[in-house]
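Undergrad: Single-letter residue listing:
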Amino acid sequence: MLSYATDAVASIDGLRVIGTAKEKAGVLSFVFDQIHAHDVGTILDQEGVAVRAGHHCAMPVMQRFGVPATTRASFAFYNTIEEVDVLARAIERVLKVFH
Amino acid sequence: MSELDELYQEVILDHNRSPRNYRAMADANHKAEGYNPLCGDHVTVFVRLENGVIQDISFQGSGCAISKASASMMTDELKGKNEATAQALFDNVHKMLTGDESDEQVADKVGKLQILSGVCKFPARVKCASLAWHTVNAALKGESQPASTE
Numbered sequence: 001m002l003s004y005a006t007d008a009v010a011s012i013d014g015l016r017v018i019g020t021a022k023e024k025a026g027v028l029s030f031v032f033d034q035i036h037a038h039d040v041g042t043i044l045d046q047e048g049v050a051v052r053a054g055h056h057c058a059m060p061v062m063q064r065f066g067v068p069a070t071t072r073a074s075f076a077f078y079n080t081i082e083e084v085d086v087l088a089r090a091i092e093r094v095l096k097v098f099h
Numbered sequence: 001m002s003e004l005d006e007l008y009q010e011v012i013l014d015h016n017r018s019p020r021n022y023r024a025m026a027d028a029n030h031k032a033e034g035y036n037p038l039c040g041d042h043v044t045v046f047v048r049l050e051n052g053v054i055q056d057i058s059f060q061g062s063g064c065a066i067s068k069a070s071a072s073m074m075t076d077e078l079k080g081k082n083e084a085t086a087q088a089l090f091d092n093v094h095k096m097l098t099g100d101e102s103d104e105q106v107a108d109k110v111g112k113l114q115i116l117s118g119v120c121k122f123p124a125r126v127k128c129a130s131l132a133w134h135t136v137n138a139a140l141k142g143e144s145q146p147a148s149t150e
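These protein sequence lines map, in sequence, to chains A and B. Residue numbering for the first sequence follows this note's numbering, starting at 1 and increasing by one per position. Residue numbering for the second sequence follows this note's numbering, starting at 1 and increasing by one per position.
Since the hints were made in silico from the structure, they are not lab data. Since we're looking at a predicted model, the values are computed, not measured. It is possible that some hints are incorrect.
What the hints assert, rightly or not - With a Cα cut of at most 27 Å, we get these calculated BS3-like pairs of lysine-lysine:
| hint | chain 1 | residue 1 | chain 2 | residue 2 |
| --- | --- | --- | --- | --- |
| 1 | B | Lys121 | A | Lys96 |
| 2 | B | Lys31 | B | Lys95 |
| 3 | B | Lys141 | A | Lys96 |
| 4 | B | Lys141 | B | Lys112 |
| 5 | A | Lys96 | B | Lys112 |
| 6 | B | Lys109 | B | Lys79 |
| 7 | B | Lys141 | B | Lys109 |
| 8 | B | Lys31 | B | Lys79 |
| 9 | B | Lys95 | B | Lys141 |
Assemble the whole structure, with the sequences as input and the hints as a guide.
TA: Listed below in structure tokens is the structure:
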């Protein structure tokens, strides 16, 4: 599911995936250059997608890499591939709001 | 208009894209930093106050669209105002953002800033919008501790 989700969002214009280790947990963090994670989080929330946005209690590492905040989707056994598609569409909505 | 459209209105997006008065001010005589530790928004507000009137005001910082737009509109609105008027505006904006007073109640008290009233429907974003205001308040009062929305 993680690789499906990574492929689904990586092609979105302006989106950069944070964390590309081979053996990583089922989380997908990403940033946009011009759109802050909290704006992304609010819009995804309105689209029915729950994500975490901000420092994720890891402010030092964010500072180290010069990232103000990230948006993070986490996957668990109860999530479905269809929900990943909903996430990808919701991210497209973010781009529409910020054209 | 949906709640989301009301939050991200064109005017707000425009202030986010091209924030007004976004610069450091060398001859500022009041300055304060504002920091929202939970979300990482950070703003510095510079004020040149002469005879109790805000002659010039500017800001710098990083944050989300709401915090940047709110800071930008605030500088536009406060320039040329005296301290008492600025304080009254701060109080009214705060009431609007937290939903303490309805749109109708604050309409003639906050002027153009009413465009930010959509924020009160998003409790998690109220602090984004109020950070710059807390910071200018701290600057005018000469507080040395960074302003915080916590």
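Undergrad: State for each hint whether it applies.
TA: The hints, checked one at a time:
no. : hint                : result
1   : B:Lys121 / A:Lys96  : holds (21 Å)
2   : B:Lys31 / B:Lys95   : holds (24 Å)
3   : B:Lys141 / A:Lys96  : violated (41 Å)
4   : B:Lys141 / B:Lys112 : holds (25 Å)
5   : A:Lys96 / B:Lys112  : holds (25 Å)
6   : B:Lys109 / B:Lys79  : holds (16 Å)
7   : B:Lys141 / B:Lys109 : holds (22 Å)
8   : B:Lys31 / B:Lys79   : holds (15 Å)
9   : B:Lys95 / B:Lys141  : holds (20 Å)
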